[in-house]
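Using the sequences provided together with the hints, build the complete structure.
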Amino acid sequence: MRILVIEDEPKVARALKAGLERAGYEIAGSATGEEGFFLASAQAFDLILLDLMLPGRDGIEVLETLRGRGVKTPVLILTARDAVEDRVQGLDSGADDYLVKPFAFPELLARIRVLLRRGRPDEALRLGLADLDMDLLTRRVTRVGRALDLTVREFALLEYLLRHHGQVVSREMLARDVWKEVARGTPLDNVIDVNIARLRKKVDQGFAVKLLHTVRGVGFVMREAPP
Amino acid sequence: MIVRLGGLNVRARLTLWYTAALACVLAVYAGIVFAFLRQALYADLDRRLRDDIELIHESLEATDDGRLVWRVAGHSGEADESGRPGHRWREVWSREGQLLLRTAAAEPLGIGAPAGAPAPGSEFEPVSLQRGGQRLRVLTGLEEIAGVPVLVRTARSEEPLRHELRELVFVQGVGLPVALALAAIGGYQLARRALGPVGRMAESARRISAERLNERLPVDNPSDELGHLAAVFNDAFARLERSFEQMRRFTADASHELRTPLTALRSVGEVGLQERPDDRLFADVVGSMLEEADRLTRLVDTLLTLSRADAGQLRLAQEPVDLVALARDVAGYLEDLAQEKGQRLEVEAAERVGVRGDWLVLRQAVVNVVDNAIKYSPDGASIRIRVGRDGERSWIAVVDQGPGIGPEHRDRVFERFYRVDKARSRELGGTGLSLSLAQWAVEAHGGCIELESEVGRGSTFRLGLPSDLSPQAG
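Same order as they appear, the protein sequences are chains A and B. Residue 213 in our numbering sits at position 213 of the first sequence, and the numbers go up by one each step. Residue 79 in our numbering sits at position 79 of the second sequence, and the numbers go up by one each step.
You can take every hint at face value.
Dumping the calculated DSSO-like pairs for lysine-lysine here, alpha-carbon to alpha-carbon at most 27 Å:
| id | chain 1 | residue 1 | chain 2 | residue 2 |
| --- | --- | --- | --- | --- |
| 1 | A | K17 | A | K72 |
| 2 | A | K101 | A | K180 |
| 3 | A | K101 | A | K17 |
| 4 | A | K101 | A | K11 |
| 5 | A | K202 | A | K180 |
| 6 | A | K72 | A | K101 |
| 7 | B | K375 | B | K341 |
| 8 | A | K180 | B | K375 |
| 9 | A | K202 | B | K375 |
| 10 | A | K202 | B | K341 |
| 11 | A | K180 | A | K201 |
| 12 | A | K210 | B | K341 |
| 13 | A | K180 | B | K341 |
| 14 | A | K201 | B | K341 |
| 15 | B | K375 | A | K201 |
No lab work stands behind these hints, which were simulated from the structure alone. Computed from a predicted model, the values in this text were never measured in an experiment.
Right, here's the structure in full:
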């Protein structure tokens, strides 16, 4: 999978490159709109990460020209501007998704995965990790055959974590995807923490192998080995 | 100081206007005086002419052959009252239009034959005639002298009358402009004196800048218009000063609040590098730094929201919102937090309470207030969210069992970054902005947020909103 990163801030660009390469993607970088545009029209990429505020050529302009030339590569916009008008403008210009800086890296990875597998349904009806088993049809969750009694919220939370198992899930992702909260800056973090604590109690208490881990400062992850 | 208006200053314009007004009044006055005097003089002249006609009987007598002659020889050249001869013009005409007698004064020019005859004993209306460079006033009467009906014409010069009128015109023509000029000068001075305080006020206002907002305009006389104006200005300055002060405090507070996580970020990083970190410590240091970055992000997001709200950039939806549903939604959302502290979160509401507004914004306000209540109420307390309506006003009241808020803090808890208990609040992770946001949200919907509190017994935050009175609101 090849990703083109058009980002002028060197630190951010470096971090993006390193993080994405670690996640197994092949990265081409560009620091200006012109170069980015040239690369995007000359080579084939699976995804383009586009910063909106670029020297030389504005991100929106690059995007519009690309779309005008029939380049259909999915584009994920990264920008510090979060006003509704900015988002609408970005999406209207042909972007597929929009992420406001500063963003949590796990969320970026999750969005990239969504864009890359677009159109390919992977809605499994049965999820599991190690000896934890989750049946989405009967809504039954068991660990080593023992049923766990989860609330509706905890069930949704576990489902989301299992769908992203092995990947760190940030609080922002949980807020948006599990709690369906649109606004940032609500006291939701506490609510998430409380629910995670309860879920952890039900899933992990009394078992030697812990499955739900907290990655300090980033979020949570479901996996067998500690991070 | 000169207030420029239409190219002229106010003083000059005022003076011009009332000088013009005065000129009009004086012109009318002068015209009326002239007309009255003229009429009075003519009336007097006419009365004398009538006397002259009556006196003709004394002057004439009939000879034996029926001719009329002056009774006194040489009477025809008699002197008039002024002693000057020849001023009294008299003519006696027969009814057939034949001149019978004529005084010496009338000799050279003659009054002329009367046109038509009046009824016996009556008189013609007096008329003015031009004779040889002078104007005469002529009265014609039908008299019967020694049994002979004759027309008596008598005339007097209008010159003395006209002289008097000319004098009047002269006096007015000279006097009125002088009076006008005096009035204009006086008026100008008066306007200058009256507008003087305006100049001083402008001078003072110029001196009052952002740095010296504590100064005020001098109020010479609080009960007159200018004093009132100065008071209004002073009021505006006071409000400006308050908002400047608020802004200054906000900037100072905001930089302090931003500096706190930055300091933590920096020192955690520096200390982490000083040690020889193993993987575990490293992860801990980075994690701790990320937490601070999160805090910064949240703070900046909230500040951005508030500044957009201040700038009026946030557009609010106008949808029907049921406050009961909203309260239940918020309660469901924050229930986990309350449970964690063993608190009971109860919604007390009967039927639907409809308002119009933006669900998300209102929800955020209620979430902030309820979250606050959960934070500050002790474990095991109960928090009630009451919803009700008093006619045009609908409200959500959040009743907590927290420590209460002292009267000295009551007005200020809605200020940005204001915290009743600074240490405690930071420990609980508050930004110090949630109540400000709640207040903004409620006020943006035309409502108001009120706080009742008793130290030691808890607080009640009451979010009042205008009811939705449209029929489908139910």
